[in-house]
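So you can see what is in the structure, the chains are spelled out below.
There are 2 protein chains.
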Amino acid sequence: MEIVVLGSGNVATHMAVALNRAGHKIVQVYSRTIKNAEQLASKVGAEPISGLDAIHCSAELYIFSVKDDSLPDIVSQMPPTTGVWAHTAGSIPVSVLSPHKERGVLYPLQTFSRDRTLNFRDIPLFIEGESEETVALLKELAETISGNVHLLSGDKRRFLHLAAVFACNFTNHMYALASEIMDEEGISYHLLNPLITETAAKATKMDPHTAQTGPAVRFDEKVIRKHQELLNDPRKREIYALLSRSIHKTHQ
Amino acid sequence: MEIVVLGSGNVATHMAVALNRAGHKIVQVYSRTIKNAEQLASKVGAEPISGLDAIHCSAELYIFSVKDDSLPDIVSQMPPTTGVWAHTAGSIPVSVLSPHKERGVLYPLQTFSRDRTLNFRDIPLFIEGESEETVALLKELAETISGNVHLLSGDKRRFLHLAAVFACNFTNHMYALASEIMDEEGISYHLLNPLITETAAKATKMDPHTAQTGPAVRFDEKVIRKHQELLNDPRKREIYALLSRSIHKTHQ
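Respectively, the protein sequence lines represent chains Y and H.
For the first sequence, the residue numbers in the UniProt record's numbering are 1 to 252.
For the second sequence, the residue numbers in the UniProt record's numbering are 1 to 252.
It is possible that part of the hints are untrue.
[As the list claims (entries may be wrong)] Here are a few chain Y residues that face chain H, going by a calculated C-beta distance under 8 Å:
1. V149
2. K156
3. A164
4. H227
Derived by calculation from the structure, the hints in this document are not laboratory data.
By construction, the Cβ of each residue, glycine as well, lies at the ideal position given by its N, Cα and C atoms.
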């Protein structure tokens, strides 16, 4: 399939590389900053562009993978094109892409970082389309890069994105707070690696409610009080108190 | 080594099984509830006992792996014995085992669940001892079951335990909250598996501050507001707000 990629961030990069590897032709990569467009374009053999007036108008698919806030602005500047328009955002309705008619969504449920190589085949891809034809095209495309493709409405997708914030962003922030505690004591943060790995492994095999361990689920008030005394940082203390209460309430 | 294990919970079980496999003789397993003692004892070829007066008094090591709150009570009822006494708790000072003189700590930094098989060799074991002889004995023993043994003072160990609460218990609670959101929408929670696995994998390879993604780190107020509107549960809404603020402050 002939594809134009709009965006050059982590999601755009990982997806363009996966599509290119699957044999699709990335015709152009657009970024407001030409250097960023060039960087991704060179990886996938595409033409880099930094103006929307230069866009190739007869591609089969336009993937909008830009910051949520920039999306309406970019859409408003798009010239008329053939083909399907699809965005990759979790919390934005497909209607952001109107008045273009063949519009849809291609949402990858994963956390992307620049220097991480990912096996795209394992990444759940959630698609939505305004017509049967668009759904069929996005499904066919999605299945060339992922073995985990699902049709999901925008109403449900935003809850999926919300759950992902808890399971990924907030989880990662817990690791960050743990690393601050370890660093302050001069203990290597990466001693936590087997604990982090096993906690995640349990959550993928078991119900996380059953997997819960620690002082809060036992409501071990002595340990909870001692831990709070060790925390000088009021922000960490507030988080400790709120999450311990929440775990306790869940397991009452 | 001849070892008596006091306790029959998850930590006691995983540790007794690992010690038994490494060739040590588990002489007795004590639990207040004889059925629990029997269950673990049968796994490691030990004698189950439910009274502290029945304890074998000339073992080389007594491992106290009971609930933190029960520990002082059990210690106070212990008959005089030879050998070293060691507990497995993260937040309890070694002094809880006085007046016995040869006392120490053997703290495994891991989350243990009944039905999970673990490779004990990867688990970091933190030891402490009141004398050089006790340290030497605990180190020798620890190295027979783990390739990740460290000497650490009780003062530092309690910070390690505190960091572990963030990296494991709070992290797992985030998975539990995500699963509640998914369940309410009728979307399979385990679709989050690749996201959970990659988030944890990143945290073991990168600095979690660098690994952070999501609306809070970008301070995408629109998405944050929309997510909060989706949350009917005031507890989840409070957690969402506090953690988003904390991520934002960390990355300002």
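So, going through the hints one by one against the coordinates:
Because the smallest distance between the Cβ of V149/Y and any Cβ of chain H comes to about 11 Å, over 8 Å, the interface hint for this residue is violated. Because the beta carbon of K156/Y sits about 6 Å from the nearest beta carbon in chain H, less than 8 Å, this interface hint is met. Because the smallest distance between the Cβ of A164/Y and any Cβ of chain H comes to about 6 Å, under 8 Å, the interface hint for this residue holds. Against a cut-off of 8 Å between C-beta atoms, the interface hint on H227/Y holds, since the closest Cβ of chain H lies about 5 Å away.
Consistency note: the structure conflicts with earlier hint 1 alone.
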